[in-house]
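Engineer: Each protein sequence line maps, in turn, to chains Y and R.
Quick note on numbering: the first sequence equals residues 1 to 602 in this note's numbering.
Quick note on numbering: the second sequence equals residues 603 to 888 in this note's numbering.
There may be inaccurate statements among the hints.
[As the list claims (entries may be wrong)] Footprint (simulated), chain R over chain Y, 3 or more residues, beta carbon under 8 Å:
| hint | stretch |
| --- | --- |
| 1 | 215 to 222 |
| 2 | 252 to 264 |
| 3 | 289 to 302 |
| 4 | 390 to 401 |
| 5 | 406 to 414 |
| 6 | 449 to 462 |
[Claimed, not checked] With a straight-line cut-off of 20 Å between C-alpha atoms, the simulated DMTMM-like cross-links for lysine to aspartate or glutamate are:
| hint | chain 1 | residue 1 | chain 2 | residue 2 |
| --- | --- | --- | --- | --- |
| 7 | R | K875 | Y | D393 |
| 8 | Y | K417 | R | E605 |
| 9 | Y | K396 | R | E878 |
| 10 | R | K882 | Y | D247 |
| 11 | Y | K403 | R | D870 |
| 12 | R | K886 | Y | E244 |
| 13 | R | K882 | Y | E244 |
| 14 | R | K882 | Y | E210 |
[To be verified] Which chain R residues face chain Y? A few, computed with CB under 8 Å, are given here:
| hint | residue |
| --- | --- |
| 15 | P604 |
| 16 | P608 |
| 17 | Q658 |
| 18 | H663 |
| 19 | N700 |
| 20 | H704 |
| 21 | M866 |
| 22 | A867 |
| 23 | Q869 |
| 24 | I871 |
| 25 | S872 |
| 26 | L884 |
Since the hints were made in silico from the structure, they are not lab data.
Cβ coordinates follow ideal geometry from the N, Cα and C atoms, glycine included.
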Amino acid sequence: MTTTLERETRPIQPKRVNEIRVMVGGQGGDGTLTVISLLARCLKLIGLHTYDARNVLSRIRGGHADGVLRGSVNRVLCSGDALDALVAFDEEAVEVGSPLLEADGVVIFDSSRGPLKKQLPPRVQVYQSKLSDLAGTQLKKTLLKNTISFAILSRALGLKQELVERVVKERYQRKGGEVLEGNMAALQIGFRLADEIGVAAHYSMPEGAENDSLQVVGDEAIGIGFIVGGGRFYAGYPITPASEVLDYLSVNLPKFGGAAVQAEDEISAINMAIGAAVAGVRSMTATSGPGQDLMTEGLGQAAEAEIPVVIVDVQRSGPSTGMPTKHEQSDLNHVVFAGHGDFPRLVIAPADVTDCFYLTVDALNLAEKYQMPVFILIDQALAQNSQSVPPFDLSKVRVERGKLLSQTELDSLPVYKRYEFSSDGVSRRTIPGMSGGFSQITGNEHNEWGMVSVNTENREKMMRKRMLKAELAKTEMPRGRFYGSPDAKIGFVSFGSNVGPILEAMDILATKNVPTKFLLVRSLHPLHEDELVQFLDSVDTAFVVECNLSGQLAGLIRREVGFANKIFGINRFDGHSFRPSEIAQRVLEELGPKTGGNSRNA
Amino acid sequence: MPETFPVATPIWCPGCGDFGVLAALKKALAELRIPPKDTIIVGGIGCSGHIHNDIQVYGYHSLHGRLLTTATAVKLANPRLTVIAAGGDGDGYAIGGNHFLHALRRNPSIVYLVMNNGTYGLTKGQPSPTAQIGFEGTKEIPFEPVLMALSLRSSTFVARGFSGNQTQLVRLIKEAIEHESQGKGFAFLDVLSPCVTYNDTYAEWRKAVVDLNADPDFDNTNRSKSFQHILETIVSGRIPTGLLYRGEGASFERNVLLPGSEPMALQDISPEKNLESYKKLLRKFA
Chain Y
1 MTTTLERETR PIQPKRVNEI RVMVGGQGGD GTLTVISLLA RCLKLIGLHT YDARNVLSRI
61 RGGHADGVLR GSVNRVLCSG DALDALVAFD EEAVEVGSPL LEADGVVIFD SSRGPLKKQL
121 PPRVQVYQSK LSDLAGTQLK KTLLKNTISF AILSRALGLK QELVERVVKE RYQRKGGEVL
181 EGNMAALQIG FRLADEIGVA AHYSMPEGAE NDSLQVVGDE AIGIGFIVGG GRFYAGYPIT
241 PASEVLDYLS VNLPKFGGAA VQAEDEISAI NMAIGAAVAG VRSMTATSGP GQDLMTEGLG
301 QAAEAEIPVV IVDVQRSGPS TGMPTKHEQS DLNHVVFAGH GDFPRLVIAP ADVTDCFYLT
361 VDALNLAEKY QMPVFILIDQ ALAQNSQSVP PFDLSKVRVE RGKLLSQTEL DSLPVYKRYE
421 FSSDGVSRRT IPGMSGGFSQ ITGNEHNEWG MVSVNTENRE KMMRKRMLKA ELAKTEMPRG
481 RFYGSPDAKI GFVSFGSNVG PILEAMDILA TKNVPTKFLL VRSLHPLHED ELVQFLDSVD
541 TAFVVECNLS GQLAGLIRRE VGFANKIFGI NRFDGHSFRP SEIAQRVLEE LGPKTGGNSR
601 NA
Chain R
603 MPETFPVATP IWCPGCGDFG VLAALKKALA ELRIPPKDTI IVGGIGCSGH IHNDIQVYGY
663 HSLHGRLLTT ATAVKLANPR LTVIAAGGDG DGYAIGGNHF LHALRRNPSI VYLVMNNGTY
723 GLTKGQPSPT AQIGFEGTKE IPFEPVLMAL SLRSSTFVAR GFSGNQTQLV RLIKEAIEHE
783 SQGKGFAFLD VLSPCVTYND TYAEWRKAVV DLNADPDFDN TNRSKSFQHI LETIVSGRIP
843 TGLLYRGEGA SFERNVLLPG SEPMALQDIS PEKNLESYKK LLRKFA
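Please build the complete structure, drawing on both the sequences and the hints.
Structural biologist: Written as structure tokens, this is what we have:
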């Protein structure tokens, strides 16, 4: 047996924990994310909630890649600050993961390319063995090192062997044959190895019944919301980190008589979405920054021609090609301001996977009721990290088609004008195929009939008609969420996936006697000024937390409601999400010199 | 029946080739008895892109160059509609060139009428990709749309007409619409439609056009022979017209849509309707 055990095994008592945090790291193609998803399944089956995050490069194979899984008795919305266990397939993964390890953490290291060189703190337990070599010699497939490592990991985490076997079996059942047998054999090799090298159960997690949560990533939740909300046509061009929307809908829309088309570029994608909408179908496209740039002309078309279309922008590090797989929140200005001319649009910002589902349904309804483009703005972390969420409540889903006429309603009209002026700016809509509903739909300025017009009086009325719709739609836009102590004088304002780290930073700050509160903004355009004004009025300092350099949300708030003297930016733009501790630290640093300590918050 | 938009008067200059295209299109639609309520014209940007205002059917004025991608989606949304995309050569072969390629590749059942005059009339006469060498000083070799269409193995209908030959043009438009209506795929019809103001090619084109369907040696069911015949005709200084190629292949909508499903534009999308299937979607993540 090619096993080395570097350190003497100490008698270890399993630590009772309510939460476990694990990183699996190696090179792209090592199957690190597979280990994460197997573990996520195990934890769900014993009743825990999970959150997983991935850190990959824009290449198919090679380069450092890791996944982090956090399991907890509570719902979690970020990967937190620290790690309990690290599975490392190479030295680089130890470099990346070990700084986050708890003092008594566990490392499982594949020593096929030599024993671990990195010096780790004394109480860290290292289990190392030549996992790849073992998989190669015994199973003729080095990749199965990941399943071997999973068996060892499960021991260290104190998971029951039957549970682990069940999960691996279920996962590979469908593939069957060699794949199933190989993985089951790898598990047994892993368990034997764990016995040989004396892997102890370091942790003991509360075991309950399987919970009814769904484990979903934001992109998929948007896909589900789209179908359930009546969406039937999707067009998109592959782009990280939005491709999961295309992948999900390509598989699932056809089951509902719909279609997901992979367009030749994003220009085509948005115009296809527009075409399907003109024909009467609820349609959507999703992309990331570079594709959003290409869609900009189509955005104005949808607004001017009053076509309901939903556009999902999954933000990644920009500008240009930027860092394609990395997190950022720097398209906010783009979706709020992009396009030549003045026109209405709505921008909704889901903050968690549950929001991704319900707000996609809302976006479809708003687009159709107000006949305009609606953005769903999310970020890489929300799009691609999986969260445990309560099952989506289908009974809450409503499909509201606004002023889309039925044939009977149309028949009763003496005159039908596509762009008829009305008190709410919304005109009745017909679709091709209806008798008596002929219309001209155009991105040129037009009169009520849809005929091209440069009449000055008509122009002013049409501009105001379109803009009025956004003002009215605002009343139906998702409100913000408030967290924390109402009396706190220190506030956070943020959007998107920052909700997770901010809520935990608030817990950290509370332990340091800094009470805080938090306004999570979920409508970025139009902004609900009232909730911002009320919140900003009530605090001395508002930290606007966002993953971009220039402070785009802070800028928007200053522009719309002011309060420049109270706003401090906490910004990160290195391609990663915030960690709770760094937010707490930044707040303490900011408050320290200004207040001479935390006295004013006491 | 409600009163709907008044048909517009064309914006074109007197003598514009597009009048001939409009007349032939109206005649073809009438003769085929295509119900106007089931017809949508997707116009491009440019002089030709106003044609949808001039017929009492549904009309959509697309973004410049994007009419094909828009029209493709209209067809997928409701295959029962007769979908006619109509635009110019700058719109289709320059700014929209990529979509032309992919429409040929996908083969959606839509008619694509290109009013080809070699120039950008609305912006006052710049050369388009099909401009003849020397027009406004251009030295670029003109784009040959029919050869490009033929060169994609997926193309199923390639034709060229001349607005100065109504009989032939009406016949070609009717054949294109029939190809579309029967769900056979992308019916591409390039129409020589001179711009009398900036690039008046009437006399030149009248002399150069040759109806290949009148040539007993021309076989429009054989892609490679047709390609060679057309190329030789062009090299000899003539302009090939007629139904240049007709083939068979699955249409885009047939490849993409679930067979026998209700057109998505007409589906009942209320949540109650599909509740059980929606629950199944959720179970996948449980």
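Engineer: Would you pick out the hints that fail for this structure and give their numbers low to high?
Structural biologist: none
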